[in-house]
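Peer 1: Take a look at the letters that make up each chain.
Number of protein chains: 4
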Amino acid sequence: MRTFLLHLSLAATILAVRTFAQQPSSARQTEARPRARDLGLAFGLYEPGPKNAITDVPGVLVGQVTLIEGENVRTGVTAIRPHPGNLFQDKVAGAVFAYNAFGKLVGSTQVTELGQIETPIVLTNTLSVFDAASAVAHWTVAEPGNKNVPRSNALVGETNDGWLNDIRGFHVKVSDVLGAINQANDGPVAEGTVGAGTGTVAFGWKGGIGTSSRRLPAQGSGDMLANPDAKNDVGFTIGVLVQTNFGGRLTIAGFPIWKELQPQQTSSLEPPAPLNSADGSCMIVIATDAPLDARQLRRLAARAILGMARVGSTGSSGSGDYVIAFSTTNRIAQDATRTKPLALPSEDALSPLFEAAIDATEEAIVNSLLRATTVYGFEGHHADALPLARLRQLIRAR
Amino acid sequence: MRTFLLHLSLAATILAVRTFAQQPSSARQTEARPRARDLGLAFGLYEPGPKNAITDVPGVLVGQVTLIEGENVRTGVTAIRPHPGNLFQDKVAGAVFAYNAFGKLVGSTQVTELGQIETPIVLTNTLSVFDAASAVAHWTVAEPGNKNVPRSNALVGETNDGWLNDIRGFHVKVSDVLGAINQANDGPVAEGTVGAGTGTVAFGWKGGIGTSSRRLPAQGSGDMLANPDAKNDVGFTIGVLVQTNFGGRLTIAGFPIWKELQPQQTSSLEPPAPLNSADGSCMIVIATDAPLDARQLRRLAARAILGMARVGSTGSSGSGDYVIAFSTTNRIAQDATRTKPLALPSEDALSPLFEAAIDATEEAIVNSLLRATTVYGFEGHHADALPLARLRQLIRAR
Amino acid sequence: MRTFLLHLSLAATILAVRTFAQQPSSARQTEARPRARDLGLAFGLYEPGPKNAITDVPGVLVGQVTLIEGENVRTGVTAIRPHPGNLFQDKVAGAVFAYNAFGKLVGSTQVTELGQIETPIVLTNTLSVFDAASAVAHWTVAEPGNKNVPRSNALVGETNDGWLNDIRGFHVKVSDVLGAINQANDGPVAEGTVGAGTGTVAFGWKGGIGTSSRRLPAQGSGDMLANPDAKNDVGFTIGVLVQTNFGGRLTIAGFPIWKELQPQQTSSLEPPAPLNSADGSCMIVIATDAPLDARQLRRLAARAILGMARVGSTGSSGSGDYVIAFSTTNRIAQDATRTKPLALPSEDALSPLFEAAIDATEEAIVNSLLRATTVYGFEGHHADALPLARLRQLIRAR
Amino acid sequence: MRTFLLHLSLAATILAVRTFAQQPSSARQTEARPRARDLGLAFGLYEPGPKNAITDVPGVLVGQVTLIEGENVRTGVTAIRPHPGNLFQDKVAGAVFAYNAFGKLVGSTQVTELGQIETPIVLTNTLSVFDAASAVAHWTVAEPGNKNVPRSNALVGETNDGWLNDIRGFHVKVSDVLGAINQANDGPVAEGTVGAGTGTVAFGWKGGIGTSSRRLPAQGSGDMLANPDAKNDVGFTIGVLVQTNFGGRLTIAGFPIWKELQPQQTSSLEPPAPLNSADGSCMIVIATDAPLDARQLRRLAARAILGMARVGSTGSSGSGDYVIAFSTTNRIAQDATRTKPLALPSEDALSPLFEAAIDATEEAIVNSLLRATTVYGFEGHHADALPLARLRQLIRAR
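Chains as they are written, first to last, in numbering that gives the first Met the number 0: chain A, 0 to 397; chain B, 0 to 397; chain C, 0 to 397; chain D, 0 to 397.
Hints are not guaranteed to be accurate.
Remember, identical chains collapse to one label, so a pair may be satisfied in a single copy or spanning two.
Under the rule of at most 20 Å between Cα atoms (straight-line distance), these lysine to aspartate or glutamate pairs were calculated in the EDC-like manner [unchecked claim]:
{"no.": "1", "residue 1": "K146", "residue 2": "E378"}
{"no.": "2", "residue 1": "K172", "residue 2": "E142"}
{"no.": "3", "residue 1": "K50", "residue 2": "D185"}
{"no.": "4", "residue 1": "K50", "residue 2": "D89"}
{"no.": "5", "residue 1": "K258", "residue 2": "E46"}
{"no.": "6", "residue 1": "K172", "residue 2": "E68"}
{"no.": "7", "residue 1": "K146", "residue 2": "D89"}
{"no.": "8", "residue 1": "K172", "residue 2": "E346"}
{"no.": "9", "residue 1": "K339", "residue 2": "D89"}
{"no.": "10", "residue 1": "K339", "residue 2": "D185"}
In case anyone wonders, no lab produced these hints; they're calculated from the structure.
Assemble the whole structure, with the sequences as input and the hints as a guide.
Peer 2: Right under this line is the structure:
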């Protein structure tokens with residue numbers, strides 16, 4: 000009955016077309032759902048930043064466009080801007096770790112060759128990834144200061160929302176991508192059924208966008224962790240944003256939820272897949288203000304996979320899992336003959352950053368599930384939100 | 000004066016809009032220009048196939064759309080279909096070698112992960128690569144037999160034709176890409192100022208599309224080279240297609256042309272770049288009917304770089320050089336649980352294929368230069384065709 | 000007091016020199032300690048093979064030499080032979096996944112290029128890895144049938160046992176490595192403080208060698224899983240062997256042991272490191288009789304990292320984590336011009352193998368900890384065995 | 000008759016055992032043979048440094064041990080020290096480019112992960128590579144200042160000298176490797192039949208060690224090329240050292256020698272291979288004082304392959320071609336928490352360095368052939384030195 004009522008209430012929201020606000024149209028429901036820390040869950044040693052979001056890394060902006068239209072369109076766009084300036088002229092050091100490259104991450108090879116990211120990072124659905132990359136290229140060309148720029152290495156990732164969304168309809172338009180980029184801001188980040196996570200499914204439940212952050216202590220952890228640019232006694236920050244569409248055995252903060260709680264088919268007529276499937280993918284974006292170079296950022300990116308494992312990934316063949324990492328501090332000016340001098344942390348000094356990235360990835364994935372609301376969509380398919388009452392019960396019983 | 004006259008004659012052709020024929024609108028001029036073998040040049044030990052083109056590999060199709068419009072549009076699309084059937088349902092083993100990944104090859108990471116190519120390979124200009132990939136995705140979704148297919152790993156490469164073409168105008172449309180794919184056929188392949196080579200520049204001269212092939216002898220080279228599927232006594236075939244937009248010290252069949260013959264500025268008003276620049280890129284596609292797997296195809300692809308070196312590449316940072324290789328014989332059915340049994344050549348047996356690939360790449364690059372015609376384009380820039388009379392003289396004098 | 004008594008009993012065993020038996024000299028203690036399944040723990044969906052060891056994969060042999068000498072030598076060798084025959088003449092398809100390549104895996108680049116393993120896989124300590132590789136080369140050259148063989152791509156991995164072992168003494172000799180290779184057999188595999196695990200430390204506890212296996216069901220899982228070579232109705236087998244020397248937050252079968260149970264310093268004089276350090280490394284070897292090619296084996300190898308994560312890896316910079324995978328069914332004869340025809344599983348069909356590899360890796364790591372006995376060694380350092388009584392308590396209380 | 004006389008004169012020299020001097024025992028003959036520039040040949044735009052050797056890069060040291068013993072031992076060791084200090088404590092930024100990883104380069108994976116080289120780079124024969132790595136590990140452990148160092152990522156490459164050398168005899172001893180490292184100096188570098196090139200064969204002729212360098216102009220090439228640490232007006236330096244054992248179609252400074260001049264069998268009893276074989280390998284080491292990071296060094300390393308192509312490589316499967324590159328300016332202290340601040344050249348500014356590396360590689364390979372003397376060795380096999388009189392004739396006739 001629960002799902003039926005949710006169905007009705009969602010039916011009301013789907014009258015809303017192309018919502019360009021950072022809050023999804025189903026904001027009221029979303030607000031009602033907790034984040035992991037609201038349930039008393041904690042992940043690892045370090046404390047989150049004030050927003051517990053990727054936007055805790057100074058300068059990082061996020062914008063999202065949610066597309067819920069009629070019965071069949073459940074998709075969207077999430078854009079991450081490494082800084083508010085002209086990214087082509089003032090690139091950031093970046094890296095990609097392709098754990099399972101069964102996915103269409105546009106732009107990764109040049110990022111690996113040059114160690115630079117020169118555009119916003121955009122997430123969307125699998126078949127719209129190319130249109131989104133074209134939008135990024137248009138955006139680059141149109142940016143003030145890029146008058147003669149003849150290229151743009153758009154960096155666009157995706158997961159497949161074809162269960163809930165009419166993915167073959169190519170519903171993401173250039174204007175949607177530009178909307179997400181242009182509205183990007185450094186406020187709290189909407190999670191769950193929003194942006195590129197509008198139609199995704201994880202562990203058989205409704206997945207979506209999630210985020211989390213960590214602030215490393217400046218003291219007691221070695222000089223490397225001290226952030227000379229930060230006010231007060233604060234170390235570097237790591238922020239993570241995920242688009243969850245993968246599966247396995249759902250484990251929340253170490254608790255094996257999958258043993259007690261599994262998504263149900265609501266009707267024998269409904270095709271079961273992918274409710275219990277581990278297929279699907281996960282896109283992970285890591286931002287930091289620590290002054291890492293591209294090689295170190297690739298090492299950092301690789302750690303996020305351990306966070307996926309903690310939540311229960313079983314590494315299925317069809318799960319295209321990529322991690323993108325960038326440093327807001329390590330900038331490369333397009334027209335300079337030399338880069339500004341930069342002191343890198345030693346490799347050993349990276350371990351706390353690695354650990355923080357794993358913890359924040361784990362928490363971001365859990366947030367994406369907790370905040371997501373039940374969605375009915377394409378051809379009547381649906382994905383239930385993780386049932387909160389039962390979940391609280393399981394956590395208390397622990 | 001020569002260049003001025005060519006300017007006039009080209010001025011006539013640029014009235015022609017979007018030409019969907021495989022022969023460029025400037026066909027008359029193109030026909031008049033020789034291929035390398037017409038000049039008595041030879042490259043390596045093995046003989047070319049009957050067309051001396053990538054289409055000598057049975058089943059491989061090429062289609063090109065040349066966009067010459069007004070004063071500023073000089074670009075186009077070249078599409079290579081590994082076989083005439085449904086590529087998503089009947090994939091080919093494939094690999095990418097990213098020698099210098101300063102370029103936007105869409106689709107390479109999934110090709111590397113799965114060892115499969117599931118779409119036509121499309122070449123175009125740098126800023127249109129995403130629109131072209133979107134077109135490929137649309138084509139995949141629309142193919143008969145792909146009714147429920149929710150994804151498409153479009154494989155689209157590019158070089159930057161921004162010297163001659165208004166690249167910031169995004170002039171390649173979805174219909175242009177579909178046109179190239181749909182008209183693809185197994186006939187001779189137009190070279191020079193055509194398709195994705197319409198606006199490219201190589202070694203300061205007009206570059207473009209070039210192709211060549213090699214047929215390995217079936218006898219005297221070990222059992223591996225015998226092609227059991229071929230009629231008569233013929234071994235496996237290697238075909239190469241290039242889009243040349245790179246530079247260095249032009250060397251033709253071992254002759255250091257660069258010492259005697261260099262492109263000139265026609266006016267002190269004309270910006271010199273990139274006439275003597277080694278920047279720019281080269282896309283190389285290798286087809287074979289030898290039954291290689293993805294790992295072996297990557298090894299084969301890597302050899303093409305040696306062919307670039309022979310023509311004089313100086314490996315500049317800005318030259319984004321990628322090689323794509325596929326086997327028409329090693330097929331992977333989308334819906335099969337197991338692949339058909341396949342016997343691979345031993346690694347040692349690959350050496351003749353490697354040598355043939357280098358030779359064919361060298362010849363294809365030379366063909367792209369010989370067949371290209373002078374082009375005037377964007378903002379009055381031009382690139383001269385390699386002057387034939389002087390070239391013949393230099394070769395005779397050798 | 001416990002550790003003191005153990006110290007005394009170990010003091011007795013260390014009179015034993017170079018033990019060439021597969022059972023360590025401290026066999027009595029080892030026998031007394033349980034494997035994970037003896038504690039009622041289970042990992043994942045699939046059942047282990049009869050030995051729950053890498054030797055459940057038909058043909059795979061393991062041999063170990065344990066070096067416990069005087070006060071300071073605590074090291075050894077573990078050798079895995081993919082099949083009992085001449086490996087150079089009859090190679091197996093193989094792959095390496097370098098998750099964190101801060102480690103000295105000799106031989107990986109050629110394995111990646113050719114997709115072949117042509118020697119036993121040997122594990123030892125960090126500084127002895129080169130001497131062990133030399134021993135493998137000598138072994139290859141001396142093998143009957145290799146009369147003119149002029150090369151050997153020895154594949155030798157390591158972790159750093161310098162806390163308990165006088166690693167700078169280079170105590171592993173050629174004869175030790177040959178001993179491990181030559182005594183290799185397909186029986187049960189000794190775990191814990193044995194072979195290459197004699198001096199390793201994991202999660203601050205004594206780590207070592209661990210193993211586990213999975214047999215995939217032949218029915219109900221699609222044709223791919225059926226093993227046509229197996230008697231009865233059995234599917235393919237996956238076997239895993241680990242050398243554990245890494246750290247993080249110890250988690251056993253989902254239970255966060257690290258919260259309740261942490262290794263103690265026995266004296267304020269003892270240097271604390273690495274008892275609570277996450278540094279150190281993990282070597283993982285995966286065998287299967289499923290007919291995978293090198294690319295697929297690399298995908299399989301990558302999944303083992305998820306197993307490390309489940310046990311609590313925090314991915315520290317210094318943890319050099321490599322996975323080696325091979326297929327006993329996919330053979331490459333040295334002198335053949337073509338390989339035997341082979342049908343590969345489809346990529347989708349790999350998912351059950353991936354899941355089994357993760358589960359078996361998790362269980363192998365836990366076995367390495369459970370079976371390991373307390374060791375005192377180099378400069379009086381020690382590492383305690385995981386205390387069983389307390390562990391049983393924690394598991395029961397769950 | 001020529002080769003017979005050379006045979007006699009070499010027969011005299013082979014009484015000399017283990018020669019620890021940087022000049023080979025056959026020094027007199029070697030002195031008589033020219034380097035490429037002595038023949039009036041030039042390669043590329045930039046000028047060599049004063050020694051035209053890798054030792055033109057300030058601080059770089061080379062040491063070689065030549066092993067010519069009895070009838071069958073023709074091998075040796077070449078060691079390159081990036082700087083004279085303690086390399087473990089004061090590492091250099093480094094990278095490996097594995098063009099064709101059919102070869103046993105020990106140490107490359109850690110170099111790639113950490114971007115650091117922490118030992119001398121040693122070259123030797125294929126089967127001795129592991130013993131040489133062990134020697135490097137012993138050397139590291141014994142270095143003053145490394146009292147507690149528990150690891151050493153030895154970086155040791157090889158080519159297969161099994162045609163002229165009794166490679167299966169493992170004749171390179173630890174003391175030979177230590178000898179090469181310890182005698183390393185910054186003087187001129189002996190070329191040809193010396194060190195790790197004592198028994199190698201290239202293009203069917205006697206190959207060996209070769210070297211060359213380039214000094215980039217400080218003026219007129221952009222600020223990047225200016226070396227602030229150099230006296231006078233000198234830019235950065237690139238130095239290359241090669242161990243040639245590969246083949247193809249020998250081309251010297253653009254002249255197709257292979258068409259006119261091919262090695263002969265001296266007797267029908269002599270097995271022909273590998274006199275006309277393209278198999279075998281090439282190891283290339285690039286040093287620079289330009290302040291590149293590991294990613295940029297990998298890009299630089301990749302360019303050397305174009306130099307191999309210019310001399311005629313046909314890229315055979317069996318040619319294991321690796322390039323190692325390091326920067327003497329980009330240092331990483333073992334114990335520092337952060338690196339010293341470093342300004343990197345922009346990617347565009349790398350192009351002159353890339354071109355210089357290609358040119359120097361080409362010249363170093365030619366030097367290795369020109370300076371090599373005829374060698375008779377294992378089982379009576381021989382490799383002729385490139386015949387100088389005929390070569391001069393061919394060059395003059397050009």
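Peer 1: Against the earlier hints, flag every one the structure doesn't satisfy and list their numbers going up.
Peer 2: 4, 8, 10
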